[in-house]
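Residue numbers (our numbering), protein chains in the order written: chain Y, 1 to 352; chain X, 1 to 352; chain U, 1 to 352.
Errors might be hidden in some of the hints.
As the list claims (entries may be wrong) - Dumping the calculated EDC-like pairs for lysine to aspartate or glutamate here, alpha-carbon to alpha-carbon at most 20 Å: (1) U:Lys-2 - U:Asp-12; (2) U:Lys-2 - U:Asp-20; (3) X:Lys-2 - X:Glu-17; (4) Y:Lys-181 - Y:Glu-163; (5) Y:Lys-181 - Y:Glu-208; (6) X:Lys-79 - X:Asp-89; (7) Y:Lys-181 - Y:Asp-260; (8) U:Lys-181 - U:Glu-208; (9) Y:Lys-79 - U:Asp-303; (10) X:Lys-181 - X:Glu-262; (11) X:Lys-79 - Y:Asp-303; (12) U:Lys-181 - Y:Asp-89; (13) X:Lys-181 - X:Glu-264; (14) X:Lys-181 - X:Asp-272; (15) U:Lys-79 - X:Asp-303; (16) Y:Lys-181 - X:Asp-89; (17) X:Lys-181 - U:Asp-89; (18) X:Lys-2 - X:Asp-12.
Calculated from the structure, these hints are not laboratory results.
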Amino acid sequence: MKRLEQFWRLADLPREEIVDLLALAARLESVGDPQALAGKILGLLFFNPSLRTLASMQAAMAKLGGTSFVVTPGGSSWKLETGDGVVMDGSASEHVREAIPVLAGYADVLGVRAFASGTDLAADLSDASFRALAGLSPKPVINLESAIDHPCQALADWKTIDELGVARHGKLVLSWANHPKALPLAVPAAVLRMAALRGMELTVLRPEAYALPESLLAEARNLAAGTGGSIRETDERPAALEGAAIVYAKSWASAANYGDAEAERTLRAGLDAWCVEESWFENAPGARFMHCLPVRRNVVVADAVLDSSRSVVVRQAHNRLWAQMAVLHRMLAGVSAGLRQEGATIPMKEKR
Amino acid sequence: MKRLEQFWRLADLPREEIVDLLALAARLESVGDPQALAGKILGLLFFNPSLRTLASMQAAMAKLGGTSFVVTPGGSSWKLETGDGVVMDGSASEHVREAIPVLAGYADVLGVRAFASGTDLAADLSDASFRALAGLSPKPVINLESAIDHPCQALADWKTIDELGVARHGKLVLSWANHPKALPLAVPAAVLRMAALRGMELTVLRPEAYALPESLLAEARNLAAGTGGSIRETDERPAALEGAAIVYAKSWASAANYGDAEAERTLRAGLDAWCVEESWFENAPGARFMHCLPVRRNVVVADAVLDSSRSVVVRQAHNRLWAQMAVLHRMLAGVSAGLRQEGATIPMKEKR
Amino acid sequence: MKRLEQFWRLADLPREEIVDLLALAARLESVGDPQALAGKILGLLFFNPSLRTLASMQAAMAKLGGTSFVVTPGGSSWKLETGDGVVMDGSASEHVREAIPVLAGYADVLGVRAFASGTDLAADLSDASFRALAGLSPKPVINLESAIDHPCQALADWKTIDELGVARHGKLVLSWANHPKALPLAVPAAVLRMAALRGMELTVLRPEAYALPESLLAEARNLAAGTGGSIRETDERPAALEGAAIVYAKSWASAANYGDAEAERTLRAGLDAWCVEESWFENAPGARFMHCLPVRRNVVVADAVLDSSRSVVVRQAHNRLWAQMAVLHRMLAGVSAGLRQEGATIPMKEKR
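So here's chain Y without its partners, still in its complex pose (with noise of 0.2 Å):
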């Protein structure tokens, strides 16, 4: 099976591939393989806040016999400047183009979690601040959520998905949904090229204010014209939810007034009957509801759903954890020891 190189998006790979992936994941949680990345190391750069990720990221590695350390800029580390050319007389102490080198020295492998600006929408949609930093590292490097996308989830999103037995072209609903700030994209782009790239039946529901920005949704119609499945957007909530097999609620920023926070903040005002209640299941009774987490009960969705068996997202953090080792395995495993000494050992020219 091919050797993972990088895992910046999932979209970048082979259906066939990540189909792998995932009977990969699935045999990693079955049987195991405790041993696999004996002697590795996964360095964490966290430029925000995390859970999840940092706890599987860190169970993952355990469970293949590797280990980890984590490093949280302008936390217990010094806070890192990322523009170029900058006169660095202010509050940032390192750069980037220094900082993620010599990490990625330490390690076999580089996650890094760095959030959209929320400011730039181009400059969020291109994922340029991620591409950037991750081209830094002369490791293999994992996106645990840059601007635009957040693959490990999706991962585990589409395992969750098919432990459901969702048909290949089920009807997925991504449900945009109240939320007191706004929030990135990254997280319903990976739901968009999950879904397309799984070969769903899509429907984007939102209002009309917060309708995706037209480059993702091409980049999804194209992906889903490999795969026979089927992109579409509208704010009619009932013919939407009609026959869903997924429920998948998530807020994002409107494109509008991206940046604006006041006008994000006049724009919702009306939007709290955006918060998925049981009621939204009438004609989909069967339907499961997703969430990425972490989710804001009684704003993003009700109790009442959160508490039924009608939601697994539990079940898919708990996949972040399979998607996540089978990524790493995939990776790292059978990488001579040779191998990683010589990547361990920097060349004289590492600068870039």
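Got chain Y; can you put chains X and U on it based on the hints?
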């Protein structure tokens, strides 16, 4: 030997099981068991600061061949909500009803630290909050200090007292001490129960205003009835200390002013003589000084006492390591990989 | 080979032992020793932020089969008091006189980072504070940067200079550089000692106001006397740089204004030309650029220098890993389990 299913309270265990745990702790200290928990993972969830517990729990897992991960809500992880039915439009991004089952799925055992509210005495005495948190975990939970108990500390203290050669019915004086803050009742309650279970003659020495809640004393008297121990309270220092084998100092909040910081300050104004001095030991020259740490020098206890051979506070802290290793061993050692996998695979109806 | 008892100062070791450590570092880099420290635990105590040290110490233990735990006082652990005889009624909950022996009991070796006070030059020059902290540990201590030394950095730098093929008596220019803050003398002092011990021709290039304290220079001259090295100070840049094999940039506080932030600001007002530029290398075209990191781009050194093949700063950082592995190996490898157990079992009179 019986597998330990939970470690919420020491007093939930029969005395013989505690004695067995102490024997196991001694064996792990003298000969070790370095692969006993190979492949096992401890998740550590700290709602409050920690030094000893953070380090000793990780060291305990490492010495048994296992690994750990650490999650600090409000630190590098999301702030968590604990209230039922809350509309989560504030600063907490996630509810413990999701977070705890999620983290449990990445681990074989969870350690949880959640200090007392300090405002609602009845709730703190009932440990309602910890019970609610721990009840959310499908995996065993170790109490790393809750509102009203600290069983790891109690087990380590028992080990320490045994090592000092104190007779089963030896005299332990639990003395209130001054402190700039109103502190929880968790450690005094844990000492009370431990001394009662061990069968000791326990004297609680405190200013009248710091009388322990009657429910705690009643519980301890009940435990002591089965072991030949005894419990009394007094504010007469010389009589209390006479013949003590152990003087265990600890500050705690007054029940009457619970949650009223101003009233507490006033109450303590004249109590700075409640700092343990060498002179306290005039009629108990061989008594050892104990404290759970962290301890404020020259407020709770004078340098001269802490720096003398009378003090065993560092030894108590070191015994945390062996005591916790025994708890982890009794919970997880010999639990087969098959069983573990089964535990780690979350069934569809994972929600409570 | 002799076991290393402590690693407080590189200059405490005879030159031959350092050369042996470097040979061991090279061996660990090329062939590894993945089980050498199986079962051993490193405790890391960080009073100050860290990126490289935090990650590389954990990676070093992992690559030798051991494990680590991290404690950050004032972060997720209690704030610690260091003063003698203090009445602890302020913000610190615990004294290092308890915390350090406690943590040492959970570990086989402690790493401690405690930066300079920046206010008391004499105390910082004597490293009184680090010596007091390290002296509290019954286990070996590794200095992870103290007020006046950074021996892990120095060892890594020596390895880097060797790998660059610099002659034993090659010329190293340690140049002061501009910086928004008054920084400690630890790294300049460490470079001074390292270059002297290696036998190099060392030129300290700095504005007159940044002359290094005479005691540091005297110590280095004394070391150089035994190795054929030499030390001089100057503020004449072109002459200083001519023929340099290495230009090592670092900012530091002026001795005259030590602790006076306002005076420092005034002093630096006209010194922004002390940013290393490519033009500095006119008469040393083959010279390599070194810095311990973190480095502020375009304040300490221009992008053009850092991004050229002249810069070896990332290589220096990577050599931290191998150097520290050698130190840990020399301290702990082959120390039998029996001995380790004995060390970990704290005798009754554990207090100092």
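Legend entry - Hint check against the structure, violated hint numbers in rising order: Hint check: 4 fails alone, others pass.
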